[in-house]
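Peer 1: Sequence:
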Amino acid sequence: MLAVKTRFRHRFVFSEPQGILREAIREQGISKRALTDIKFKGGQLLVNGEEETVRKVLLQGDVVEIIFPAEVRSEGLIPVYEHLDIVYEDEHLLVINKPNDLPSIPSRDHPKDSLANRVAGYFEAENLETTVHMVTRLDRETSGLVLLAKHRHAHHLLSEQMREGQITKSYRAIVEGELPATESIIEAPIGRVNTSIIERCIDPFGKYAKTGYRSIDRWIVQGRIHHLVDVTLYTGRTHQIRVHMASIGCPLAGDDLYGGHTDFMERQALHAARLELIHPFDKQPLTFESRLPDDFLLLLERR
1 MLAVKTRFRH
11 RFVFSEPQGI
21 LREAIREQGI
31 SKRALTDIKF
41 KGGQLLVNGE
51 EETVRKVLLQ
61 GDVVEIIFPA
71 EVRSEGLIPV
81 YEHLDIVYED
91 EHLLVINKPN
101 DLPSIPSRDH
111 PKDSLANRVA
121 GYFEAENLET
131 TVHMVTRLDR
141 ETSGLVLLAK
151 HRHAHHLLSE
161 QMREGQITKS
171 YRAIVEGELP
181 ATESIIEAPI
191 GRVNTSIIER
201 CIDPFGKYAK
211 TGYRSIDRWI
221 VQGRIHHLVD
231 VTLYTGRTHQ
241 IRVHMASIGC
251 PLAGDDLYGG
261 HTDFMERQAL
271 HAARLELIHP
281 FDKQPLTFES
291 RLPDDFLLLL
301 ERR
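Going by full-length UniProt numbering, the letters in the sequence shown line up with residues 1 to 303, in that order.
Since the hints were made in silico from the structure, they are not lab data.
Some hints here could point you the wrong way.
[As the list claims (entries may be wrong)] Computed cross-link-like contacts, DSS-like style, restricted to lysine-lysine with a CA-CA straight-line distance of at most 25 Å:
| hint | residue 1 | residue 2 |
| --- | --- | --- |
| 1 | Lys32 | Lys56 |
| 2 | Lys32 | Lys283 |
| 3 | Lys56 | Lys41 |
| 4 | Lys39 | Lys56 |
All figures in this text were calculated on a predicted structure; none of them were measured in a lab.
Using the sequences and the hints, build the whole thing.
Peer 2: What follows is the structure, encoded as C-alpha coordinates:
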(Lines of atoms letter the chains of each structure in order from A and count residues from 1; the text may use other names and numbers.)
(Lines give C-alpha, C1' and ligand atoms only; values in the text may rest on other atoms or scores of the structure.)
Protein backbone atom coordinates (compact mmCIF):
# COMPACT_ATOMS: atom_id res chain seq x y z
CA MET A 1 0.00 0.00 0.00
CA LEU A 2 1.41 3.41 -0.99
CA ALA A 3 2.02 5.94 1.77
CA VAL A 4 -0.11 9.07 1.70
CA LYS A 5 1.83 12.13 0.59
CA THR A 6 1.63 15.22 2.79
CA ARG A 7 1.00 18.71 1.46
CA PHE A 8 1.37 21.90 3.45
CA ARG A 9 -1.51 23.91 4.87
CA HIS A 10 -1.96 27.28 6.50
CA ARG A 11 -5.03 27.80 8.66
CA PHE A 12 -6.26 31.06 10.20
CA VAL A 13 -9.43 32.53 11.65
CA PHE A 14 -10.74 35.67 9.94
CA SER A 15 -10.92 38.43 12.56
CA GLU A 16 -12.60 41.32 10.70
CA PRO A 17 -16.38 41.87 10.62
CA GLN A 18 -16.45 41.28 6.85
CA GLY A 19 -14.05 41.04 3.92
CA ILE A 20 -13.10 39.29 0.69
CA LEU A 21 -11.06 36.08 0.73
CA ARG A 22 -8.57 37.55 -1.77
CA GLU A 23 -7.72 40.41 0.60
CA ALA A 24 -7.49 38.10 3.61
CA ILE A 25 -5.02 35.90 1.73
CA ARG A 26 -2.93 38.92 0.76
CA GLU A 27 -2.73 39.95 4.41
CA GLN A 28 -1.18 36.56 5.15
CA GLY A 29 1.77 37.55 2.94
CA ILE A 30 0.82 35.35 -0.01
CA SER A 31 1.94 36.94 -3.28
CA LYS A 32 -0.09 37.08 -6.49
CA ARG A 33 2.21 34.47 -8.03
CA ALA A 34 1.74 32.13 -5.07
CA LEU A 35 -2.03 32.61 -5.24
CA THR A 36 -1.96 31.78 -8.95
CA ASP A 37 -0.07 28.57 -8.17
CA ILE A 38 -2.62 27.67 -5.49
CA LYS A 39 -5.50 28.21 -7.92
CA PHE A 40 -4.04 26.46 -10.97
CA LYS A 41 -1.40 23.98 -9.78
CA GLY A 42 -3.34 21.78 -7.43
CA GLY A 43 -3.80 23.88 -4.30
CA GLN A 44 -7.09 24.65 -2.57
CA LEU A 45 -8.80 27.52 -0.74
CA LEU A 46 -11.20 26.32 1.95
CA VAL A 47 -13.58 28.36 4.08
CA ASN A 48 -15.16 26.45 6.95
CA GLY A 49 -14.15 23.24 5.17
CA GLU A 50 -15.72 24.14 1.80
CA GLU A 51 -13.72 25.01 -1.31
CA GLU A 52 -14.28 28.63 -2.36
CA THR A 53 -13.02 31.21 -4.87
CA VAL A 54 -11.09 34.35 -3.95
CA ARG A 55 -14.33 36.34 -4.31
CA LYS A 56 -15.88 34.63 -1.30
CA VAL A 57 -17.16 37.12 1.30
CA LEU A 58 -15.77 36.29 4.73
CA LEU A 59 -17.43 36.96 8.05
CA GLN A 60 -15.77 37.29 11.43
CA GLY A 61 -14.91 33.86 12.81
CA ASP A 62 -14.70 32.10 9.43
CA VAL A 63 -11.93 29.51 9.31
CA VAL A 64 -9.73 29.79 6.22
CA GLU A 65 -7.43 26.98 5.18
CA ILE A 66 -4.91 27.35 2.37
CA ILE A 67 -3.57 24.10 0.92
CA PHE A 68 -0.39 24.70 -1.05
CA PRO A 69 0.26 22.77 -4.26
CA ALA A 70 2.75 19.91 -4.28
CA GLU A 71 6.34 20.86 -5.10
CA VAL A 72 8.60 18.72 -7.28
CA ARG A 73 12.23 18.19 -6.38
CA SER A 74 14.79 18.96 -9.08
CA GLU A 75 16.10 15.81 -10.76
CA GLY A 76 19.62 17.02 -10.05
CA LEU A 77 19.03 16.92 -6.28
CA ILE A 78 19.66 13.31 -5.38
CA PRO A 79 18.07 12.19 -2.09
CA VAL A 80 20.55 10.74 0.39
CA TYR A 81 19.39 8.86 3.48
CA GLU A 82 21.89 9.96 6.13
CA HIS A 83 21.46 11.15 9.70
CA LEU A 84 20.22 14.69 10.34
CA ASP A 85 20.65 16.42 13.70
CA ILE A 86 17.23 18.11 13.80
CA VAL A 87 17.04 20.89 16.39
CA TYR A 88 13.47 22.00 15.59
CA GLU A 89 10.72 21.01 13.19
CA ASP A 90 7.12 21.96 12.58
CA GLU A 91 4.90 21.88 9.51
CA HIS A 92 6.62 24.96 8.04
CA LEU A 93 10.20 25.12 9.37
CA LEU A 94 13.23 22.90 9.87
CA VAL A 95 16.35 23.84 11.87
CA ILE A 96 19.32 21.49 11.55
CA ASN A 97 22.67 21.35 13.33
CA LYS A 98 25.10 20.85 10.43
CA PRO A 99 28.39 19.06 11.10
CA ASN A 100 31.60 20.46 9.70
CA ASP A 101 32.99 18.97 6.47
CA LEU A 102 29.50 18.82 4.94
CA PRO A 103 28.57 21.27 2.16
CA SER A 104 25.21 23.01 2.38
CA ILE A 105 24.37 22.37 -1.28
CA PRO A 106 25.70 19.99 -3.96
CA SER A 107 28.69 21.04 -6.02
CA ARG A 108 30.93 19.56 -8.68
CA ASP A 109 33.23 18.18 -6.00
CA HIS A 110 30.35 17.04 -3.76
CA PRO A 111 27.45 16.14 -6.10
CA LYS A 112 25.64 13.86 -3.66
CA ASP A 113 26.55 14.21 0.00
CA SER A 114 25.47 17.69 0.99
CA LEU A 115 23.00 18.91 3.59
CA ALA A 116 20.47 19.55 0.81
CA ASN A 117 20.80 15.94 -0.39
CA ARG A 118 20.21 14.65 3.13
CA VAL A 119 17.18 16.91 3.63
CA ALA A 120 15.76 15.73 0.29
CA GLY A 121 16.13 12.14 1.51
CA TYR A 122 14.45 13.02 4.80
CA PHE A 123 11.51 14.69 3.03
CA GLU A 124 11.10 11.68 0.76
CA ALA A 125 11.19 9.27 3.70
CA GLU A 126 8.53 11.40 5.42
CA ASN A 127 6.38 11.45 2.24
CA LEU A 128 6.43 15.24 2.00
CA GLU A 129 5.53 16.59 -1.43
CA THR A 130 8.10 19.35 -1.39
CA THR A 131 11.68 20.28 -2.21
CA VAL A 132 14.55 21.80 -0.26
CA HIS A 133 14.32 25.52 0.55
CA MET A 134 17.43 26.77 2.35
CA VAL A 135 17.03 30.10 4.11
CA THR A 136 20.56 30.19 5.58
CA ARG A 137 23.69 28.37 4.43
CA LEU A 138 27.07 27.59 5.91
CA ASP A 139 30.46 26.93 4.32
CA ARG A 140 31.45 23.27 4.16
CA GLU A 141 33.83 23.54 7.12
CA THR A 142 31.52 25.71 9.25
CA SER A 143 29.35 23.82 11.70
CA GLY A 144 26.11 24.78 13.39
CA LEU A 145 22.53 25.90 12.85
CA VAL A 146 20.94 26.05 9.40
CA LEU A 147 17.37 27.27 8.79
CA LEU A 148 15.21 25.70 6.08
CA ALA A 149 11.63 26.24 4.95
CA LYS A 150 9.48 23.24 4.15
CA HIS A 151 7.50 24.90 1.37
CA ARG A 152 7.76 27.82 -1.04
CA HIS A 153 5.55 30.25 0.87
CA ALA A 154 7.41 29.76 4.15
CA HIS A 155 10.65 30.35 2.25
CA HIS A 156 9.25 33.60 0.84
CA LEU A 157 8.24 34.88 4.29
CA LEU A 158 11.57 33.94 5.88
CA SER A 159 13.51 35.52 3.01
CA GLU A 160 11.57 38.73 3.68
CA GLN A 161 12.66 38.54 7.32
CA MET A 162 16.25 38.11 6.19
CA ARG A 163 16.06 41.19 3.97
CA GLU A 164 14.52 43.22 6.79
CA GLY A 165 17.16 42.13 9.33
CA GLN A 166 14.68 40.24 11.50
CA ILE A 167 16.71 37.03 11.55
CA THR A 168 19.78 37.20 13.80
CA LYS A 169 22.66 34.78 13.30
CA SER A 170 25.34 34.60 15.98
CA TYR A 171 28.53 32.59 15.68
CA ARG A 172 31.31 31.41 17.94
CA ALA A 173 34.81 31.58 16.51
CA ILE A 174 38.33 31.03 17.75
CA VAL A 175 40.71 33.62 16.33
CA GLU A 176 44.47 33.98 16.51
CA GLY A 177 46.31 37.16 17.46
CA GLU A 178 45.54 40.10 19.73
CA LEU A 179 42.22 41.79 19.04
CA PRO A 180 42.42 45.60 18.66
CA ALA A 181 39.46 45.90 21.05
CA THR A 182 37.54 43.54 23.33
CA GLU A 183 34.33 44.42 21.49
CA SER A 184 33.90 46.21 18.19
CA ILE A 185 32.15 46.52 14.82
CA ILE A 186 33.92 45.88 11.53
CA GLU A 187 32.45 47.64 8.50
CA ALA A 188 34.41 46.96 5.34
CA PRO A 189 33.23 46.04 1.80
CA ILE A 190 34.05 42.58 0.52
CA GLY A 191 34.79 41.49 -3.05
CA ARG A 192 36.41 38.64 -4.96
CA VAL A 193 40.14 38.17 -5.27
CA ASN A 194 40.77 38.57 -8.99
CA THR A 195 42.95 35.49 -9.25
CA SER A 196 40.62 33.15 -7.35
CA ILE A 197 37.05 31.87 -7.68
CA ILE A 198 36.96 31.09 -3.95
CA GLU A 199 38.92 33.69 -2.02
CA ARG A 200 37.45 37.03 -0.94
CA CYS A 201 39.13 40.22 0.26
CA ILE A 202 38.47 43.73 1.54
CA ASP A 203 37.66 45.67 -1.63
CA PRO A 204 36.60 49.35 -1.74
CA PHE A 205 34.45 48.47 -4.76
CA GLY A 206 32.98 45.37 -3.11
CA LYS A 207 29.66 44.84 -1.33
CA TYR A 208 28.95 46.50 2.00
CA ALA A 209 29.54 44.15 4.95
CA LYS A 210 29.13 44.59 8.69
CA THR A 211 30.28 42.24 11.46
CA GLY A 212 30.19 42.64 15.23
CA TYR A 213 32.46 40.73 17.59
CA ARG A 214 32.99 40.39 21.35
CA SER A 215 35.80 38.53 23.07
CA ILE A 216 34.61 35.92 25.56
CA ASP A 217 37.92 34.37 26.55
CA ARG A 218 41.64 34.84 25.87
CA TRP A 219 44.49 32.35 26.26
CA ILE A 220 47.92 31.54 24.87
CA VAL A 221 48.97 28.22 23.36
CA GLN A 222 52.67 27.74 22.59
CA GLY A 223 53.20 31.49 22.42
CA ARG A 224 50.20 32.16 20.15
CA ILE A 225 47.32 34.29 21.44
CA HIS A 226 43.80 32.90 20.94
CA HIS A 227 40.41 34.48 21.58
CA LEU A 228 37.02 32.79 21.76
CA VAL A 229 34.71 35.40 20.24
CA ASP A 230 30.99 35.85 19.85
CA VAL A 231 30.29 37.14 16.32
CA THR A 232 27.10 38.69 14.95
CA LEU A 233 26.47 39.02 11.22
CA TYR A 234 24.59 42.12 10.13
CA THR A 235 25.06 41.28 6.44
CA GLY A 236 25.62 37.96 4.73
CA ARG A 237 28.59 38.14 2.35
CA THR A 238 30.56 35.07 1.32
CA HIS A 239 33.38 34.35 3.82
CA GLN A 240 32.40 37.54 5.68
CA ILE A 241 33.54 36.57 9.18
CA ARG A 242 36.72 34.97 7.88
CA VAL A 243 37.67 38.01 5.79
CA HIS A 244 36.74 40.61 8.39
CA MET A 245 38.60 38.92 11.24
CA ALA A 246 41.68 38.39 9.05
CA SER A 247 41.54 42.06 8.05
CA ILE A 248 42.20 43.12 11.67
CA GLY A 249 45.07 40.67 12.02
CA CYS A 250 43.06 37.94 13.75
CA PRO A 251 42.36 35.09 11.30
CA LEU A 252 40.28 32.12 12.40
CA ALA A 253 42.25 29.21 13.81
CA GLY A 254 42.50 26.49 11.19
CA ASP A 255 41.63 28.87 8.33
CA ASP A 256 44.80 28.62 6.24
CA LEU A 257 43.10 30.37 3.28
CA TYR A 258 43.13 33.62 5.29
CA GLY A 259 46.26 33.17 7.38
CA GLY A 260 45.17 30.90 10.22
CA HIS A 261 47.27 27.98 11.47
CA THR A 262 46.16 24.34 11.27
CA ASP A 263 48.33 22.83 14.02
CA PHE A 264 45.57 23.10 16.67
CA MET A 265 42.49 23.13 14.43
CA GLU A 266 42.06 21.21 11.18
CA ARG A 267 39.25 23.41 9.85
CA GLN A 268 38.16 27.02 10.22
CA ALA A 269 37.08 27.51 13.83
CA LEU A 270 33.60 28.83 13.09
CA HIS A 271 30.32 27.58 14.50
CA ALA A 272 26.78 28.95 13.96
CA ALA A 273 25.77 28.87 17.61
CA ARG A 274 22.56 30.89 17.86
CA LEU A 275 19.61 31.68 15.58
CA GLU A 276 16.75 34.06 16.34
CA LEU A 277 13.67 34.69 14.19
CA ILE A 278 9.96 35.34 14.24
CA HIS A 279 7.82 32.38 13.24
CA PRO A 280 6.38 33.39 9.84
CA PHE A 281 2.88 32.10 10.68
CA ASP A 282 2.15 32.32 14.41
CA LYS A 283 4.48 35.37 14.81
CA GLN A 284 6.07 34.01 17.98
CA PRO A 285 9.80 34.63 18.59
CA LEU A 286 12.00 31.56 18.24
CA THR A 287 15.54 31.13 19.55
CA PHE A 288 17.78 28.13 18.91
CA GLU A 289 21.23 27.37 20.28
CA SER A 290 23.88 24.80 19.40
CA ARG A 291 26.65 23.63 21.73
CA LEU A 292 30.26 23.99 20.69
CA PRO A 293 31.58 20.99 18.73
CA ASP A 294 34.30 18.71 20.06
CA ASP A 295 37.19 20.24 18.08
CA PHE A 296 36.38 23.66 19.61
CA LEU A 297 36.32 22.13 23.08
CA LEU A 298 39.70 20.44 22.57
CA LEU A 299 41.33 23.77 21.71
CA LEU A 300 39.57 25.48 24.63
CA GLU A 301 40.99 22.81 26.96
CA ARG A 302 44.47 24.15 26.15
CA ARG A 303 43.70 27.31 28.18
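Peer 1: Among all the numbered hints in the text so far, which are the ones the structure does not match?
Peer 2: Structure breaks no hint.
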